[in-house]
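Participant: Protein chains in written order, with numbering that gives the first Met the number 0: chain E, 0 to 822; chain P, 0 to 200.
Hints should not be assumed to be uniformly reliable.
Said to hold, decoys possible - Below are the DSS-like pairs computed for lysine-lysine, each with C-alpha atoms no more than 30 Å apart in a straight line:
id, chain 1, residue 1, chain 2, residue 2
1, E, K698, E, K572
2, E, K366, P, K62
3, P, K153, E, K371
4, P, K192, E, K364
5, P, K192, E, K528
Since the hints were made in silico from the structure, they are not lab data.
These are the residues of each chain, in order.
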Amino acid sequence: MEKSFNLLHIIQHRRDGYGFALRPQHIQRYREYANIFKEEEEERSYKWSYFIEQQQKSNHSSSSEEERRAKLQAEADELREETVSERGRQEDDSSGKNSDSDGSTKSYPGKEVQLSEQPEKKVQLSEQPENEVQRSEQPEKEVQLSEKPQKEVQLSEEPEKDLKLSEQPEKEVQLSKEPQKEVQASQIPGRETLLSKESDKQGQLLKETKTRKVKSWSWTRPSLHVIENMMSSRVRNIKDLKDRHNTINGDHLPSIKKTVSSGGSSAVEINKELWIKEASDDNVDESTEESSVDSKLGPESFFPWKELEFLVHEGVPKDLRGEVWQAFVGVKTRRVERYYEGLLAEETNTEQSKEHNNSKAAPRKWKKQIEKDIPRTFPGHPALDERGRDSLRRVLVAYARHNPSVGYCQAMNFFAGLLLLLMPEENAFWTLVGILDDYFDGYYTEEMIESQVDQLVFEELILNHLDYLGVQVAWISGPWFLSIFINMLPWESVLRVWDVLLFEGNRVMLFRTALALMELYGPALVTTKDAGDAITLLQSLAGSTFDSSQLVLTACMGYLAVTEARLLELREKHRPAVLVVVEERSKGGRIWKDSKGLASKLYSFKHDPGSLVEEKKVSEGDKSLLESHSSNLDDFLSGLSVDSEVDSLPDPQEHVVWLKVELCRLMEEKRSAVLRAEELETALMEMVQQDNRRQLSAKVEQLEQEVADLRQVLADKKEQEAAMLKVLMRVEQEQKITEEARIGAEQDAAAQRYAVNVLQEKYEKAMAFTWSDGAESAKALSSPRSVSSSVESPRRRIGLFGLGWRDRNKDKDKPSNDDSGTS
Amino acid sequence: MGCSSSLPDRSTGRLGGLNVSESGGVVDAKNLRVKLVLLGDSGVGKSCIVLRFVRGQFDPTSKVTIGASFLSQTIALQDSTTVKFEIWDTAGQERYAALAPLYYRGAAVAVIVYDITSPETFTKAQYWVKELQKHGSPDIVMALVANKADLHEKREVPTQDGIDYAEKNGMFFIETSAKTADNINQLFEEIGKRLPRPSST
Numbered sequence: 000m001e002k003s004f005n006l007l008h009i010i011q012h013r014r015d016g017y018g019f020a021l022r023p024q025h026i027q028r029y030r031e032y033a034n035i036f037k038e039e040e041e042e043r044s045y046k047w048s049y050f051i052e053q054q055q056k057s058n059h060s061s062s063s064e065e066e067r068r069a070k071l072q073a074e075a076d077e078l079r080e081e082t083v084s085e086r087g088r089q090e091d092d093s094s095g096k097n098s099d100s101d102g103s104t105k106s107y108p109g110k111e112v113q114l115s116e117q118p119e120k121k122v123q124l125s126e127q128p129e130n131e132v133q134r135s136e137q138p139e140k141e142v143q144l145s146e147k148p149q150k151e152v153q154l155s156e157e158p159e160k161d162l163k164l165s166e167q168p169e170k171e172v173q174l175s176k177e178p179q180k181e182v183q184a185s186q187i188p189g190r191e192t193l194l195s196k197e198s199d200k201q202g203q204l205l206k207e208t209k210t211r212k213v214k215s216w217s218w219t220r221p222s223l224h225v226i227e228n229m230m231s232s233r234v235r236n237i238k239d240l241k242d243r244h245n246t247i248n249g250d251h252l253p254s255i256k257k258t259v260s261s262g263g264s265s266a267v268e269i270n271k272e273l274w275i276k277e278a279s280d281d282n283v284d285e286s287t288e289e290s291s292v293d294s295k296l297g298p299e300s301f302f303p304w305k306e307l308e309f310l311v312h313e314g315v316p317k318d319l320r321g322e323v324w325q326a327f328v329g330v331k332t333r334r335v336e337r338y339y340e341g342l343l344a345e346e347t348n349t350e351q352s353k354e355h356n357n358s359k360a361a362p363r364k365w366k367k368q369i370e371k372d373i374p375r376t377f378p379g380h381p382a383l384d385e386r387g388r389d390s391l392r393r394v395l396v397a398y399a400r401h402n403p404s405v406g407y408c409q410a411m412n413f414f415a416g417l418l419l420l421l422m423p424e425e426n427a428f429w430t431l432v433g434i435l436d437d438y439f440d441g442y443y444t445e446e447m448i449e450s451q452v453d454q455l456v457f458e459e460l461i462l463n464h465l466d467y468l469g470v471q472v473a474w475i476s477g478p479w480f481l482s483i484f485i486n487m488l489p490w491e492s493v494l495r496v497w498d499v500l501l502f503e504g505n506r507v508m509l510f511r512t513a514l515a516l517m518e519l520y521g522p523a524l525v526t527t528k529d530a531g532d533a534i535t536l537l538q539s540l541a542g543s544t545f546d547s548s549q550l551v552l553t554a555c556m557g558y559l560a561v562t563e564a565r566l567l568e569l570r571e572k573h574r575p576a577v578l579v580v581v582e583e584r585s586k587g588g589r590i591w592k593d594s595k596g597l598a599s600k601l602y603s604f605k606h607d608p609g610s611l612v613e614e615k616k617v618s619e620g621d622k623s624l625l626e627s628h629s630s631n632l633d634d635f636l637s638g639l640s641v642d643s644e645v646d647s648l649p650d651p652q653e654h655v656v657w658l659k660v661e662l663c664r665l666m667e668e669k670r671s672a673v674l675r676a677e678e679l680e681t682a683l684m685e686m687v688q689q690d691n692r693r694q695l696s697a698k699v700e701q702l703e704q705e706v707a708d709l710r711q712v713l714a715d716k717k718e719q720e721a722a723m724l725k726v727l728m729r730v731e732q733e734q735k736i737t738e739e740a741r742i743g744a745e746q747d748a749a750a751q752r753y754a755v756n757v758l759q760e761k762y763e764k765a766m767a768f769t770w771s772d773g774a775e776s777a778k779a780l781s782s783p784r785s786v787s788s789s790v791e792s793p794r795r796r797i798g799l800f801g802l803g804w805r806d807r808n809k810d811k812d813k814p815s816n817d818d819s820g821t822s
Numbered sequence: 000m001g002c003s004s005s006l007p008d009r010s011t012g013r014l015g016g017l018n019v020s021e022s023g024g025v026v027d028a029k030n031l032r033v034k035l036v037l038l039g040d041s042g043v044g045k046s047c048i049v050l051r052f053v054r055g056q057f058d059p060t061s062k063v064t065i066g067a068s069f070l071s072q073t074i075a076l077q078d079s080t081t082v083k084f085e086i087w088d089t090a091g092q093e094r095y096a097a098l099a100p101l102y103y104r105g106a107a108v109a110v111i112v113y114d115i116t117s118p119e120t121f122t123k124a125q126y127w128v129k130e131l132q133k134h135g136s137p138d139i140v141m142a143l144v145a146n147k148a149d150l151h152e153k154r155e156v157p158t159q160d161g162i163d164y165a166e167k168n169g170m171f172f173i174e175t176s177a178k179t180a181d182n183i184n185q186l187f188e189e190i191g192k193r194l195p196r197p198s199s200t
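Chain E extracted, bound-state conformation:
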């Protein structure tokens, strides 16, 4: 228990730049990518600001801006009345940090609204110098503004807030927060340009989102009106299309199209031209002049779609994202004044009065489910505090009321939660309406038909790309599609996918992204040994797709062939099968067994031939499916043997159908077998190569060993040589010494010879002296002989000595020569 508590505690601090929890195993990679994200963000901020600037220059006259501001002002006044009470209620819920906002809201209700519009004015300010006039018109308001909680936003968005720091009643309360604000201000010093931010800190995010929620509605900044207008016409086209469709089909979907028209903007319905100006929408009365101005300009036909598309593929800057998304979805055109408040009011009224009415059973069920799911939506996200959850609840309840054919479906909670992080409450509601009613029409209804159809379509697409080890692709892609990748990919990637999806206005991006993921990770799946491992691997790989740019570009560039037109075609093909099953099921019929065929029809044919009769029912309702199958397969049909199971089939037509399907399956299997064989072959090759490598490396090792040995030997030899040299030197020294000894001895000999000569002379003198004596001459004759012999003997001794020395010297030289010879 304690362990899990600690874990939770740690996780609280592991959130990404959007305040969403990071899985522990991804923290490292997120950190690696955080800098990349930041760089990309800076780049795209620059590009977008440039783009918007260009668009404004070319498309907006200052007069139209003037109009817009007037309108904005009027809107703000109106908003004041509408939302004050609402806001007051919200403020009551706030705690801690927001406690001071309570007071201010109550004491300055009117200015509060003014304030909530403030960020927009700032935008204008940074774009149009003449806005200064407007500022000076309300100087006292500016001053008073400063003590509002929204100051936090101003703080983070405009540098000149210092000017406004002035007296405030709740100063003491605020003081405690001052340090925090200081930190924030210092964190983001150069925030002049509206696009320059990298709001990575969750604290800041928290503040921004909280403040945003104070506003229940805000207009998009004027700079984005060009994009907004472009998309509005798309919205109207869809509406027209659907209205026509609905009148034909006997509409049971009281969705936005109806409510909009009843909401007082019938002008929309009448306008069927393609690129008509948006200003004629819900605010007809307020903006007629403006509309005329704008339609005169008629810039849409020159609108640089490609450029915008390119920008969208690279991602929408964080601080523009909320408004750009609204522009893409066409919130402005969709919005009906007071509609949202009306829905909420309706809810609270009916709550008490019609509690026992049967028709309210469904709404009650949704309400209950919503309550269950609210705490389970981005649990722990700093923005989803008490107040955030209230907003979430209101948006979801309002949508359920708005479109009872859908009501509430799990997954919406995540969408609404995400949108609320990016925009005010009512804006989030209208964006959600756009996404669910248009982009995902039929997806989240009770039967989830379109969702099932899309899975069949995706299965068909994916079979052309990869083989899945018996993994049914829908197992994985189902959750991907239904959640629009929320919680399936890292947040940066989710948002980038949403950027494109909302821009394109259809579900093509779902398919492209899923295909891109399969392309990116398909090869890795080959290594898995069973379906479970493959799924686990794919899930974990998808969850770590931090390279959002790679993902989006692979999706958008790699799958250009997957177009809305093609998808529509494929959906038409697969829809009947789904419809039949759903219908049968709702009748409580026995077709249930076939619903498995839905997910993979081919499979059930093989494994459950007994159900073929039932399957036939589906088939008949699904002529188009089978026909398209057959058209593909007729060519291959001849010359193929099929299992003996066939014989038991009752009807030849059925037989043919079955054969075709069987054939289809066999071909799929064959293809996948071929694929797998190829993969195995490459794997084998790799293994062989690795084997070779191992041998080579062994050889290299051996050789290296040899080299080392030789080196060792060499070193030994060198040592020996050195020893020899030493010996040699010693010998030479000895030689020198003996030479010296010889010289000494020779000198001795010379000295002795000299002594002998002296003695000889003395002897001869003595002889000569004694010769005269006569008598002594005989004695003397014998003695010289003895003397001569004694003189001779030392000479011989010397000679012997000299020879002996030489011999000895020779002996010593000889072995030393042998030694050096061996070295």
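Could you slot chain P onto chain E? The hints should help.
Facilitator: Leaving out everything else, chain P in the frame of chain E:
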């Protein structure tokens, strides 16, 4: 309790066949591989049971499951067989039932969960039992799980009701608490014991 749900073991090197998912996936007599599906009303704690079993964690603020999520975990039984559970944790909201066949088809085990503090979820559990009896594999092993047993002071479904219903329908019954980890491992061990063993080849 280790998490064995991570990357595949390359050394074994066997590539899965096309049909593995269909059979309930028995590998051999000593190493079983089974597809298990969790069904039950929204918020009864299906995801929490799985997370407790696979990761040993409990997060009271877990998020809503959309569609289905997948995790796997291997356990060793006393008779030294290993069972690898491939667990499909499905979304609880009623309309997602339309997608449930996708996940329970071919499953060898179905774990049907209800919340002891909510009789409504017990009714829903009975719906799922009937549905599986009609459309699941005939030899599917079914377990009826009464979750949130730690909230016994708020209990509204008597234990005996669960036991009786399970007995009547040939299921086995267990009360668990993902929060306290009570009986979670026992649940899966018991399932492992009850799995039909492949006849010796």
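Participant: Looking back at the hints listed earlier, which ones does the structure fail to meet?
Facilitator: 1, 4
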